[in-house]
Amino acid sequence: MSEVELLSVSKLYGNKQPYIIKNLSVTIESGEFFVIVGPSGCGKSTLLRMIAGLEDISEGVLRIGGEMANHWSPSQRDISMVFQNYALYPHLNVRENIIFGLRVKKISHEEREKRLLEACEMLNLTDYLNRKPRELSGGQRQRVALARAIVSQSPICLMDEPLSNLDAKLRAHMRSEIRKIQRQFGTTMIYVTHDQVEAMTMGDRMMILNQGEIQQIGRPIDIYNHPANTFVASFIGSPQMNMCEAYYDGTSQELRINNDLKLTMALPKLKTSTYIIGLRPEYIHIPQPNNSNQTTVQVVINHVELLGNDTLFSFQVNDQQWTAKWNGQWLFEPGDKISIALDADAICVFDKGTRQLVHSSIKQDHDELQKGVLA
Amino acid sequence: MAMENPTSTGKVPSLNMPYRTFWEKTRPIQVAILFLLPSLILFSVFVFYPLFRTIYLSFFLTNQKGLPTVFVGFDNFIQLFQSADFLQSIEATFLFVLYTVPASVVISLFLALLANEKLKGIHFFRTIFASSLGVSVAAASVTWLFIFNPTMGVLNRMISFFGIPEINWLADPHWALLAVSITTIWLNLGFSFLIILGGLQNIDQSLYESSSIDGAGYFYQLRRITIPMLSPTLFFIMTVSLINAFQTFGQIDLLTGGGPGQTTNLMVYAIYKDAFVNFNFGKASAEVVILFLLILIVTLLQFKFVEKKVHYQ
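Chains A and B supply the protein sequences, listed in that same order. Be aware that the first sequence starts at 1, since it is given in my numbering, and climbs by one per residue. Be aware that the second sequence starts at 1, since it is given in my numbering, and climbs by one per residue.
Please note: incorrect hints may appear among the correct ones.
Derived lysine-lysine pairs resembling DSBU-like cross-links, with alpha carbons at most 30 angstroms apart [to be verified]:
hint: 1; chain 1: B; residue 1: Lys118; chain 2: A; residue 2: Lys105
hint: 2; chain 1: A; residue 1: Lys269; chain 2: A; residue 2: Lys352
hint: 3; chain 1: B; residue 1: Lys308; chain 2: A; residue 2: Lys105
hint: 4; chain 1: A; residue 1: Lys105; chain 2: B; residue 2: Lys309
hint: 5; chain 1: A; residue 1: Lys325; chain 2: A; residue 2: Lys337
hint: 6; chain 1: A; residue 1: Lys16; chain 2: B; residue 2: Lys120
hint: 7; chain 1: A; residue 1: Lys132; chain 2: B; residue 2: Lys304
Cβ-to-Cβ under 7 angstroms is the rule here; a few derived chain A residues that face chain B [unchecked claim]:
hint: 8; residue: Met81
hint: 9; residue: Gly101
hint: 10; residue: Ile217
Read the hints as simulated data drawn from the structure, not as lab findings. Backbone N, C-alpha and C define an ideal beta-carbon position, used for all residues, glycine too.
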C-alpha cells in the first residue's frame with residue numbers, strides 16, 4: 001500500500017509566524033496522480049519536501065502506507081523524487097547517474113542493468129549512456145532524471161515542477177509521457193506545478209494551494225466547473241474567469257451587473273444582496289437572431305488576440321476587464337462596438353464577503369454528456 | 001577603388017575589398033596591444049627582465065656588486081650538482097613539500113567540511129579557521145618560536161604531560177624540518193580552508209537531497225559526490241601549495257636560519273645565503289634556474305597525472 005496521508009500538517013520555520021503550510025489535511029490514494037498547484041510562494045514545494053523528508057514537519061501527522069512517517073529518514077519512505085533542476089551528478093555519465101540509487105541500495109549488477117536498459121528504452125536514452133549531463137540538451141537531462149525515478153521502482157514518486165525548464169513543445173510531449181509511465185507502473189504520483197495546464201491535463205485529482213492553505217481539492221474538471229472561491233476561479237482556466245460585482249434582486253429574480261446589463265435568473269437560495277459573479281470567456285457567445293431567451297449587451301472592444309481558430313477580445317464591464325473567447329477568426333479592431341450574449345446558466349456566484357461559491361450550475365454536466373457519446 | 005571585374009554582369013556587387021594599408025589591416029592587433037600595454041610594462045620590469053637576467057648571470061662568475069666577470073658556461077650548474085650541500089638542500093626541499101602539501105590539503109578539507117555544516121554560530125568557526133590567512137609569516141614565526149621554546153614552550157609542556165621528555169624542536173636535526181613544516185601547515189590552512197569552503201558551498205544542495213532519498217549515508221556522499229565535485233578546487237589548492245612550499249623562505253629565516261646543520265636549508269634559503277651573504281650571484285642564479293625548472297617539472301607532472309582525476313563541470 002502506498003497511500004500518503006497528511007493530517008493537520010503545518011510548517012513554520014523556527015517558531016516564527018507566519019505558517020508556510022497551515023493545518024493541511026489530505027489523503028492521496030494509492031496509484032493516484034495527484035497534482036498540487038498554486039502560485040509561486042504558496043508552499044507547494046515545501047509541502048512536497050515535507051513528504052519527501054527533506055523538511056521537518058512542524059505540526060501534524062504524515063502517514064505513508066498507513067504508518068506514521070514523520071520521523072522516517074528520506075530513504076525509509078521508499079520514494080523517488082524528480083527535482084526541478086533535475087539534480088543530476090555533473091561528474092557522472094548518464095548510466096552512472098541513473099543507477100546511482102541502485103548502487104546505494106546494493107542491488108545486484110544483473111538487476112541494475114535490466115532496469116537501466118528498460119528505463120532507457122522507454123525514454124530513448126540508450127544512445128546517450130556514456131555522456132555527461134553537460135553534453136545533453138534540457139529535454140534529455142529531464143529524461144535522465146525521469147529514468148532515475150523509474151529504475152528505483154519506488155511505489156511513490158514526487159515531482160517538483162519537473163517540466164518548468166523545458167520549452168512549450170517539449171513540455172506538452174513530456175506531460176503525456178509522464179502520465180503514460182505513471183499509469184503503466186501504477187505509481188502514486190505527487191506532482192507539484194505552478195502551471196494550471198499541467199494541473200488540468202495530468203491529474204486524477206488536484207489540490208489548489210494559496211498562502212499555505214488548501215483552496216480546493218477535486219477532479220480537475222469539477223474544479224473548473226465549480227471553483228470553490230474566487231481565487232480558484234481566477235487561478236484555473238486560461239484566459240481567466242471574468243468577474244465583477246452584481247446585485248441580485250430576489251423579488252424580480254434579476255441579477256443586475258449595471259444599468260445596461262441585467263440577467264433574469266432564479267436563484268432561490270440567495271438573498272437579495274450584492275455578490276461577485278464569474279463567467280468564463282467561452283460562455284460569452286455570439287448573439288443568435290430571434291432568440292428571446294438570451295441576454296445581449298453592446299460592448300466596445302479594447303483589445304483583440306487572434307489565436308488562429310479562436311479569437312479573444314476584451315472589453316470593459318464596470319471597473320473590470322472582461323475577455324470573451326469566440327470560435328473562428330474574427331477580425332475586430334479595438335474601438336469596434338459589437339453585441340454579445342451572456343450564458344446565464346454558466347454563471348458562478350460568490351459571496352462578496354467570504355468569496356466562497358454560493359451558486360454554480362453548469363447545465364451540461366460532463367458525466368451526462370459523456371454517457372450520450374460513449375458507445 | 002576596386003577594379004571592375006570583367007566577368008561580372010554588374011548586378012552582383014564586387015567582392016573585392018578596397019585596398020587597405022598594412023597600418024589599417026593590423027588595426028585590431030594595435031588596439032589589443034594598447035590594452036595589454038600596462039601589464040606588459042609591469043611584467044617586463046618585474047618579471048621578464050629579472051628572469052632573463054638571472055638565466056644570463058647563471059653562466060657567469062660575478063663580482064661583489066653582482067656584475068658578470070668571467071663566462072663559465074655550465075660550470076656553475078656542474079659544481080652545484082657535485083656539491084653535497086646543494087643536494088642536501090634539494091632533498092630537504094622535497095621532504096618539506098611532502099610534509100606540508102598533503103597535510104595542508106587534508107586538514108583544511110576536514111575543517112571546511114566541519115565549517116560547511118549548518119550549525120549555530122558556525123560563522124564564528126569559519127572566521128577562526130580562516131584567520132591564519134590574515135597573519136603574516138613574520139608574526140606567525142615569532143608566535144611559533146614561543147610555542148617551540150624547549151623550556152617555556154606550550155608544546156613541550158603538553159607532551160611532558162604525557163610523559164614524553166623535552167624536545168628541542170628547532171635545534172634538533174631530527175625535529176627541525178618537522179617543526180618548520182608544522183608552522184607552514186598552520187600558515188597554509190587559512191587560505192586552503194577558505195578556498196575549499198567556497199568550493200563546498202558551490203555544490204548544488206539538491207545533489208545531496210537526491211542521494212539521501214536514495215539512502216546514501218554521509219561517507220558515501222563524501223566519496224561519490226563531495227570529493228569528485230570538489231576536485232577542481234582541491235587540484236588548485238594542491239598546485240598553489242606545492243609552488244608555495246618550493247618557495248618557502250620567511251619561516252626558515254626566522255625559525256631556524258637553515259640549521260641545525262643544513263637540515264632546514266631549503267632551496268630558496270640557500271639561494272638567499274649564496275647571493276646576499278656570500279655574494280656569489282652566479283652560483284645563486286644557477287640555483288634559481290634549477291629551482292625554476294624543478295617547480296616547472298613537478299607542476300607539469302601534476303597536471304599530467306592528477307588532472308585526469310579532476311571533474312570539471
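Okay, the hints, checked on the actual structure:
Pair hint B:Lys118 plus A:Lys105 holds up; C-alpha atoms about 27 angstroms apart against a cutoff of 30 angstroms. As the CA atoms of A:Lys269 and A:Lys352 are separated by approximately 15 angstroms, the hinted pair is consistent with the 30 angstroms bound. The suggested pairing of B:Lys308 with A:Lys105 holds, with an alpha-carbon distance near 29 angstroms, which does not exceed 30 angstroms. At most 30 angstroms may separate the alpha-carbon atoms for a hinted pair to count; A:Lys105 and B:Lys309 meet this at roughly 26 angstroms.
Pair hint A:Lys325 plus A:Lys337 holds up; C-alpha atoms about 16 angstroms apart against a cutoff of 30 angstroms. The hinted pair formed by A:Lys16 and B:Lys120 meets the criterion: a straight-line CA distance of about 17 angstroms does not exceed 30 angstroms. Of the supplied pair hints, the one linking A:Lys132 and B:Lys304 holds, its CA atoms being roughly 22 angstroms apart against a limit of 30 angstroms. The beta carbon of A:Met81 comes within 5 angstroms of a beta carbon in chain B, closer than 7 angstroms, and the hint placing it at the interface holds.
Against a cut-off of 7 angstroms between C-beta atoms, the interface hint on A:Gly101 holds, since the closest Cβ of chain B lies about 3 angstroms away. Hint status for A:Ile217: violated, given a least beta-carbon distance of 26 angstroms to chain B, over 7 angstroms.
The structure fails hint 10 only (numbered hints given earlier).
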